[in-house]
Amino acid sequence: MTVKLMQGNDAVGWGALAAGCRFYAGYPITPSTEVAEMLSRELPKVGGKFIQMEDEIASLAACIGASVGGLKSMTATSGPGFSLMQEHIGYAAMTEVPCVVVNVQRLGPSTGQPTSASQGDVMQARWGTHGDHPIIALCPTSVSQSFDLTVKAFNFSEKYRTPVILLLDEVIGHMREKFDMPDFDAIERVDRIATDVPPEWYKPYGDSLSDVPPMANFGDGYRYHITGLFHDPHGYPTQRLDEIDPWIKRVHRKIERNLHDIVLYEEDWDPTNKTVVVSYGASARSARHAVKLARQHRLKVGEITLLTIWPFAEEVIARMARTARRIIVPEMNLGQLALEVERVAGRSKVVRVNRANGEMVTPQEILDAIEGS
Amino acid sequence: MAQHEEHTAYEYLRPSKKFPNVWCSGCGIGVVMSALIRAIDNIGLEKDNVALVSGIGCTGRMPVYMDFNTMHTTHGRALAFATGLKIARPELKVITIMGDGDALAIGGNHFIHSARRNIGITAIVVNNNIYGMTGGQYSPTTPIGGRATTAPYGNIEPPMPICELAQAAGASYVARSTVYHAAELERYIEQAIRKDGFGLVEAVSYCHTGYGRLNKLGTAVDMMRALKETSMAQAAAQKLAPEERENKIVRGVLHDVERVEYTARYQQLIDQVQQSIGGR
Chain A
1 MTVKLMQGND
11 AVGWGALAAG
21 CRFYAGYPIT
31 PSTEVAEMLS
41 RELPKVGGKF
51 IQMEDEIASL
61 AACIGASVGG
71 LKSMTATSGP
81 GFSLMQEHIG
91 YAAMTEVPCV
101 VVNVQRLGPS
111 TGQPTSASQG
121 DVMQARWGTH
131 GDHPIIALCP
141 TSVSQSFDLT
151 VKAFNFSEKY
161 RTPVILLLDE
171 VIGHMREKFD
181 MPDFDAIERV
191 DRIATDVPPE
201 WYKPYGDSLS
211 DVPPMANFGD
221 GYRYHITGLF
231 HDPHGYPTQR
241 LDEIDPWIKR
251 VHRKIERNLH
261 DIVLYEEDWD
271 PTNKTVVVSY
281 GASARSARHA
291 VKLARQHRLK
301 VGEITLLTIW
311 PFAEEVIARM
321 ARTARRIIVP
331 EMNLGQLALE
341 VERVAGRSKV
351 VRVNRANGEM
361 VTPQEILDAI
371 EGS
Chain B
1 MAQHEEHTAY
11 EYLRPSKKFP
21 NVWCSGCGIG
31 VVMSALIRAI
41 DNIGLEKDNV
51 ALVSGIGCTG
61 RMPVYMDFNT
71 MHTTHGRALA
81 FATGLKIARP
91 ELKVITIMGD
101 GDALAIGGNH
111 FIHSARRNIG
121 ITAIVVNNNI
131 YGMTGGQYSP
141 TTPIGGRATT
151 APYGNIEPPM
161 PICELAQAAG
171 ASYVARSTVY
181 HAAELERYIE
191 QAIRKDGFGL
201 VEAVSYCHTG
211 YGRLNKLGTA
221 VDMMRALKET
231 SMAQAAAQKL
241 APEERENKIV
251 RGVLHDVERV
261 EYTARYQQLI
271 DQVQQSIGGR
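Chains as they are written, first to last, in our numbering: chain A, 1 to 373; chain B, 1 to 280.
Keep in mind the hints are simulated off the structure, nothing from the lab. We treat Cβ as the ideally placed atom computed from N, Cα and C, and that holds for glycine. Take the hints with a grain of salt, since some may be wrong.
Partner residues aside, some chain B positions facing chain A, computed with beta carbon under 8 Å [said to hold, decoys possible]:
hint: 1; residue: 21
hint: 2; residue: 42
hint: 3; residue: 45
hint: 4; residue: 48
hint: 5; residue: 277
Mimicking EDC-like on lysine to aspartate or glutamate, the simulated pairs with C-alpha atoms at most 20 Å apart in a straight line are [unchecked claim]:
hint: 6; chain 1: A; residue 1: 274; chain 2: A; residue 2: 191
hint: 7; chain 1: B; residue 1: 47; chain 2: A; residue 2: 220
hint: 8; chain 1: B; residue 1: 47; chain 2: B; residue 2: 6
hint: 9; chain 1: A; residue 1: 203; chain 2: B; residue 2: 67
hint: 10; chain 1: B; residue 1: 239; chain 2: B; residue 2: 222
hint: 11; chain 1: B; residue 1: 228; chain 2: B; residue 2: 271
hint: 12; chain 1: A; residue 1: 178; chain 2: A; residue 2: 34
hint: 13; chain 1: A; residue 1: 203; chain 2: B; residue 2: 6
hint: 14; chain 1: A; residue 1: 45; chain 2: A; residue 2: 87
hint: 15; chain 1: A; residue 1: 45; chain 2: B; residue 2: 48
hint: 16; chain 1: A; residue 1: 254; chain 2: A; residue 2: 191
hint: 17; chain 1: A; residue 1: 159; chain 2: A; residue 2: 200
hint: 18; chain 1: B; residue 1: 47; chain 2: A; residue 2: 200
hint: 19; chain 1: A; residue 1: 274; chain 2: A; residue 2: 314
hint: 20; chain 1: B; residue 1: 248; chain 2: B; residue 2: 222
Over the 10 Å line for every Cβ pair with chain B, so calculated as not near, a few chain A residues [stated by the list, open to error]:
hint: 21; residue: 209
hint: 22; residue: 223
hint: 23; residue: 225
hint: 24; residue: 322
hint: 25; residue: 352
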């Protein structure tokens, strides 16, 4: 264990190494570049590979290619680059190739304000690529959590054969905090399920009890086909309804039936709390402070911090909404995750506290919302 | 049936799975596929050690028919996917198969940078001067004046010189042939695969359905014959004045040099770094 002063972006890099990441492809973009700089230095030390590609489209493509070759792979980017990566997020979902995409959110749209923080890509992380697809997106609130959730992101991507998005924001990415780096050997690492059948029996997209078919790497003697077209259990293109329909159901089911494993959150509320603050990312830091102040004023306020924002934590929010009258959702956007909260809030009132100008939502703004009724 | 089993290609195809193919009868893409299979067979590569990566379009459909590690990726990005795969598995022979629109329009950036890095990928570009799968729109290699569904008054853009671009960007092997010259095409593909660095083979083909019909160039056979008549070996072409060469397809190995291959160089970098930190 070594205690260091570290920024979130560096912690993401160390988390990736701890998770077993051995390939990184990226393109420089503020405010995510430190992830690339750190891994260009550290990956060769452990025999891993780093490459700076010609753009973000190529970066995610290279990650998927390397993952098909058997290396745990990651890329990191921000707003404009994340927009460019959308097609390949869909490709990774369609082909069920594990990979991790880090988006250190900056103020948008367009070039926006590269050095200002934002949580404007919440809905893009869910729906940015075309077509129905499952996705996992994680959202750390601190430097040490950036490390932990990067490890989780890799583990989920391998376990469920899915792209996983790690949504930081500029505040978490660039903020420096004390970080106690754990011993890598003590970290739980999940690898993709290897196949144990002979090559002639292998079906890369076949049925399996877990809905996650075993994955063979190219070069390991299992020759098969990968395509972004709808495909049959062998991976060959299909137009048959009886092959398309089970596929789309299975890839959604593999996430939906594992929500207990995937949906991570921190909760500090009880049914007597008539007001509960639901937050994530940098906004959760302001929320935590506001709740502390409110409690000092003897207000009974609860708090839920979502670490997994996709799939949405419906169960806990709906359960809380049965007793809470007001749910306060602070976000550095004009109300994105609040839409999801509203969807499951029942008769509770959802109060939005928003900023989309590059500044954090302040604890005072949240406190005002808690106090106003 | 017994005849099929004796054919060289049989061993390399996925016959029970995805035939017949999607191509129009008379299409030149099958000739390229056959030349590729013979080239791989000549070298004696193990099927497990070959990966074919393609993009989108008629040519992009080629890998699914062949019994290797095959990946049909997104439009234009075959080389970017192949770059990741090659870096992860340098021992694999990674071959990308792209059409002209795929490789040079939407994928032009990756084409240039893959050549620049001299990464050990064989890139085969089947140039049929048109976007075939979408029904005949003009591509970066459509000749000036050629008609397409999106160039109803004739194309006004000059065509992209594929081989010259690859050479200028840094490819270590560059060759051009046509689907009429199947044996020559096979030889160039074999040489490109044997090369450690980035090798490009432009396989000039035709699209009688999308381009031939609009431009009144006749049947597939007529267009095949035109490839014979308008192409010439590099040695012969060099004897012509530049203006005489203008509308000719020059066939030959246009560029062949030794340059350090990217993944080999990266392994050296890893070795150096690990040595300097005491080989942990």
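Verification of the hints:
1. 21: Violated, about 12 Å.
2. 42: violated (20 Å)
3. 45: violated (12 Å)
4. 48: Constraint on residue 48/B satisfied, holds at 5 Å.
5. 277: Given a least distance of 6 Å, the restraint on residue 277/B holds.
6. 274/A <-> 191/A: violated (43 Å)
7. 47/B <-> 220/A: Status holds; Cα separation ~11 Å.
8. 47/B <-> 6/B: Given pair residue 47/B, residue 6/B holds - Cα atoms ~18 Å apart, limit 20 Å.
9. 203/A <-> 67/B: holds (14 Å)
10. 239/B <-> 222/B: violated (27 Å)
11. 228/B <-> 271/B: Distance ~50 Å between residue 228/B and residue 271/B Cα, so the pair is violated.
12. 178/A <-> 34/A: holds (18 Å)
13. 203/A <-> 6/B: At roughly 28 Å apart (the allowed maximum being 20 Å), residue 6/B and residue 203/A break the hint.
14. 45/A <-> 87/A: violated (32 Å)
15. 45/A <-> 48/B: Answer violated: residue 45/A to residue 48/B is near 30 Å, above 20 Å.
16. 254/A <-> 191/A: Between residue 254/A and residue 191/A the Cα gap is close to 16 Å, so the pair holds against 20 Å.
17. 159/A <-> 200/A: Violated, at about 24 Å.
18. 47/B <-> 200/A: Between residue 47/B and residue 200/A the Cα gap is close to 14 Å, so the pair holds against 20 Å.
19. 274/A <-> 314/A: Satisfied, since the Cα-Cα distance of roughly 19 Å is no more than 20 Å.
20. 248/B <-> 222/B: holds (17 Å)
21. 209: The claim stands: residue 209/A keeps its Cβ more than 10 Å from every Cβ of chain B (closest is about 26 Å).
22. 223: Given that some Cβ of chain B is not farther than 10 Å from that of residue 223/A, nearest at about 5 Å, it is violated.
23. 225: violated (5 Å)
24. 322: Check passes; 45 Å lies beyond 10 Å.
25. 352: Correct as stated: the minimum Cβ-Cβ distance to chain B is 37 Å, above 10 Å.
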